[in-house]
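Mind docking chain B on chain A? Use the hints.
Here the protein sequences line up with chains A and B, keeping their order. Heads up: the first sequence begins at 1 in our numbering, then just goes up one per residue. Heads up: the second sequence begins at 251 in our numbering, then just goes up one per residue.
FYI, nobody ran anything at the bench for these hints, they're computed from the structure. It should be emphasised that the depicted structure is a prediction, and the values quoted were computed from it without experimental measurement. By construction, the Cβ of each residue, glycine as well, lies at the ideal position given by its N, Cα and C atoms. Among the hints, a few may not be true.
[Claimed, not checked] Covered stretches of chain A, going by a simulated chain B footprint (3 or more residues, C-beta under 8 Å):
no.: 1; segment: 25–34
no.: 2; segment: 76–83
no.: 3; segment: 87–101
[To be verified] One-sided excerpt, in silico: chain A residues whose CB lies under 7 Å from chain B:
no.: 4; residue: F13
no.: 5; residue: A105
no.: 6; residue: D110
no.: 7; residue: N114
no.: 8; residue: A115
no.: 9; residue: R118
no.: 10; residue: M119
no.: 11; residue: D120
no.: 12; residue: R168
no.: 13; residue: L190
no.: 14; residue: I194
no.: 15; residue: F212
[Said to hold, decoys possible] Distance ranges between label pairs, derived from CB positions:
no.: 16; chain 1: B; residue 1: L589; chain 2: A; residue 2: S140; range: 44 to 52 Å
no.: 17; chain 1: A; residue 1: R107; chain 2: B; residue 2: S420; range: 29 to 37 Å
no.: 18; chain 1: B; residue 1: P279; chain 2: A; residue 2: S123; range: 58 to 66 Å
What follows is each chain in one-letter form.
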Amino acid sequence: MSILKIEGIHKNFAGLTALNEVNLEVQEGSVHAIIGPNGAGKSTLLNCLVGRIAPDAGTATFAGRSLLGIKPHEISQAGVARVFQTPEIFGDLTVFENVMIPALAKRDGDFRLNAWRRMDSQSDIRDHAAEILRDVDLLSRGGVVANSLSRGDKRRLELAMCLVQDPRLLLLDEPTAGMSRADTNNTIDLLKQIGERGITKVIIEHDMHVVFSLAHRVSVLAQGTVIAEGTPDEIKGNPVVQEAYLGGAH
Amino acid sequence: MTTDSARKDWMLAGGFALAILTMPVWLTPIGASYPDLLQKFAIFGIFAVGFNILFGLTGYLSFGHAAFLGAGSYAAMWAFKALSMNVLPAVLFGVLVAGLFALVIGFISLRRSGIYFSILTLAFAQMSYNLAYSVLTPITNGETGLQLSRSDPRILDSLFGTETGAGLPSTNLFGVEMSGYPGFYFCAVMLILCFVISMRIFRSPFGMKLRAIKSNQNRMNYLGFNTGPYTLAAFVISGMYAGLAGALMVATDPLAGAERMQWTASGEVVLMTILGGAGTLVGPILGACIIKYCENIFSAFNERMLSNAFSLLPDPVQHFLVVVINPFVGEGWHLTLGLVFVLIVIFLPGGLMEGIRRLSRIRLGGPGGGAKDKAPLPGMAEART
Numbered sequence: 001m002s003i004l005k006i007e008g009i010h011k012n013f014a015g016l017t018a019l020n021e022v023n024l025e026v027q028e029g030s031v032h033a034i035i036g037p038n039g040a041g042k043s044t045l046l047n048c049l050v051g052r053i054a055p056d057a058g059t060a061t062f063a064g065r066s067l068l069g070i071k072p073h074e075i076s077q078a079g080v081a082r083v084f085q086t087p088e089i090f091g092d093l094t095v096f097e098n099v100m101i102p103a104l105a106k107r108d109g110d111f112r113l114n115a116w117r118r119m120d121s122q123s124d125i126r127d128h129a130a131e132i133l134r135d136v137d138l139l140s141r142g143g144v145v146a147n148s149l150s151r152g153d154k155r156r157l158e159l160a161m162c163l164v165q166d167p168r169l170l171l172l173d174e175p176t177a178g179m180s181r182a183d184t185n186n187t188i189d190l191l192k193q194i195g196e197r198g199i200t201k202v203i204i205e206h207d208m209h210v211v212f213s214l215a216h217r218v219s220v221l222a223q224g225t226v227i228a229e230g231t232p233d234e235i236k237g238n239p240v241v242q243e244a245y246l247g248g249a250h
Numbered sequence: 251m252t253t254d255s256a257r258k259d260w261m262l263a264g265g266f267a268l269a270i271l272t273m274p275v276w277l278t279p280i281g282a283s284y285p286d287l288l289q290k291f292a293i294f295g296i297f298a299v300g301f302n303i304l305f306g307l308t309g310y311l312s313f314g315h316a317a318f319l320g321a322g323s324y325a326a327m328w329a330f331k332a333l334s335m336n337v338l339p340a341v342l343f344g345v346l347v348a349g350l351f352a353l354v355i356g357f358i359s360l361r362r363s364g365i366y367f368s369i370l371t372l373a374f375a376q377m378s379y380n381l382a383y384s385v386l387t388p389i390t391n392g393e394t395g396l397q398l399s400r401s402d403p404r405i406l407d408s409l410f411g412t413e414t415g416a417g418l419p420s421t422n423l424f425g426v427e428m429s430g431y432p433g434f435y436f437c438a439v440m441l442i443l444c445f446v447i448s449m450r451i452f453r454s455p456f457g458m459k460l461r462a463i464k465s466n467q468n469r470m471n472y473l474g475f476n477t478g479p480y481t482l483a484a485f486v487i488s489g490m491y492a493g494l495a496g497a498l499m500v501a502t503d504p505l506a507g508a509e510r511m512q513w514t515a516s517g518e519v520v521l522m523t524i525l526g527g528a529g530t531l532v533g534p535i536l537g538a539c540i541i542k543y544c545e546n547i548f549s550a551f552n553e554r555m556l557s558n559a560f561s562l563l564p565d566p567v568q569h570f571l572v573v574v575i576n577p578f579v580g581e582g583w584h585l586t587l588g589l590v591f592v593l594i595v596i597f598l599p600g601g602l603m604e605g606i607r608r609l610s611r612i613r614l615g616g617p618g619g620g621a622k623d624k625a626p627l628p629g630m631a632e633a634r635t
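Chain A with its partners taken away, still in its complex shape (with noise of 0.2 Å):
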């Protein structure tokens, strides 16, 4: 059953072709990469998604509810989670507290002012937020400020940030980008464990290994349009993607 379903998707900027009617559907519990050239469309396809751009035309819906014309906020209640290229985290709180925020936004919705209640004496978010972090591993760097954490622990704690919500569709841009090959293993491996919840992942990425290693089906964009779709070792022997994306290397 596809849970997130794009039809006819289309975007100019100043009459440059960003997306020209693109169609995807996303099976749930599957995990879908997006894969392209520079400049093929797959980041400003994900900011369709999240409604941070305004498509021209074409739908986008999610478990049969439309994400286009709501704001962020509405579709993250809805149960869509967002994954940045780099960690979108809360720089100045500590590690624990980064997860606690999302988990008081699953409890209390888009809106609730609670000023007046000690936040140390909400032992169910405390409690859940701890739970997430023990599962990526970063319990013991609770109290830690996460500016101060690695690259790599800062990508795991904005994993937790996100599913801490218990979302029915991650979507990861570019995961790995910028990190070492250990810790681009270390992010397959929670994304693999994360796999396990049975959460649906969109996975925008122009590692190969990082692809081919997680995903069940991959989309393939090429100036704004895909060109193929298919299981990973159908689209490693496509040659019109090795033409237009791999450039026949692989």
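What follows is chain B alone, placed relative to chain A:
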């Protein structure tokens, strides 16, 4: 841990209350224990604590908070004229009107962030200031300022048959006049209440969300928070604190003038907060007290007083010191304040509270830098004292 940190907070509140209520005693040696100055410490302390809820927690820098100070003053003054000379209705009315005013200005200004937000708030405050001098003269009494008159109706006082005597009536709290030390103690109790409320906000989920907005508002949106109502709530609460400060000004000195809405008053509360330490609980109050102390004490110094102070030194040295220090006192006290502010911003960006923290770290022999990335409690970076 919950009980432990809650107990620490109550100890902090208790210590703060004790320090404020005993100010007339321990401020005597530095000549700052007279009621007018003590009232200013408490009133501007409230103003700064409120401003810190907006600026210290969310990072939104308002240059227009004087508008709420003025609105609170005018509203309280009207309560004295129309309802009663008792300060409670006036304070209530001042807070309410300032809160409504903040709701309108905040709703519009918070559509932008950064410098654009600051400019919008400044524009609104200047508009209010100019309106108070022009078209709103029937409400504000223009340049003369809003004053009490014997012919004011004072409905509640008439209803309860309260005697006002032959001259102009005085503001009071159930018969206790609000001038002198009683006025200070009333303001001090209000400051303590405001401090406790501010402390609860700092420690609450609301406070944590405001700090997260300051850190990364974009991420907050993508985590499912509608950040608009949170920043608006902080703006309104902050405006209500300013309204309370304005109401207390007329409770202790019943005259409301438009100059309270001028941009210099908005700038002053920014200085107070940054000087003491934005985002800390006690810092803004410390900043407010230092600025008001400088304003009242240093501005009263003159060349003759300096000569007397250095009279024990040899003549050439005495003359040299008087010549060097004289430009920094009297009318030139702003130069002292400016220099102190520059030094604080350069060397202690976290304000005086950062200096105090550094000193206590050195005194305790703790690591100079290693501890700074650790939270004081496991997992929770308690909002700084």
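Outcome of the hint check:
1. 25–34: n = 0 at 8 Å, threshold three: violated.
2. 76–83: holds (count 4)
3. 87–101: holds (count 12)
4. F13: violated, 21 Å
5. A105: With a minimum Cβ separation of about 4 Å from chain B (threshold 7 Å), the hint on A:A105 holds.
6. D110: holds, 4 Å
7. N114: holds, 4 Å
8. A115: holds, 4 Å
9. R118: Holds - the Cβ of A:R118 comes within 7 Å of chain B, reaching about 5 Å at its closest.
10. M119: holds, 5 Å
11. D120: This interface hint holds because 5 Å falls under the 7 Å limit.
12. R168: violated, 13 Å
13. L190: Not OK, violated: A:L190 not within 7 Å of chain B, min 19 Å.
14. I194: violated, 17 Å
15. F212: violated, 28 Å
16. B:L589 with A:S140: 44 to 52 Å: holds, 46 Å
17. A:R107 with B:S420: 29 to 37 Å: Violated - the Cβ-Cβ distance for A:R107 and B:S420, about 52 Å, lies outside 29 to 37 Å.
18. B:P279 with A:S123: 58 to 66 Å: violated, 48 Å
Violated hints for the displayed structure, listed by number in ascending order: 1, 4, 12, 13, 14, 15, 17, 18.
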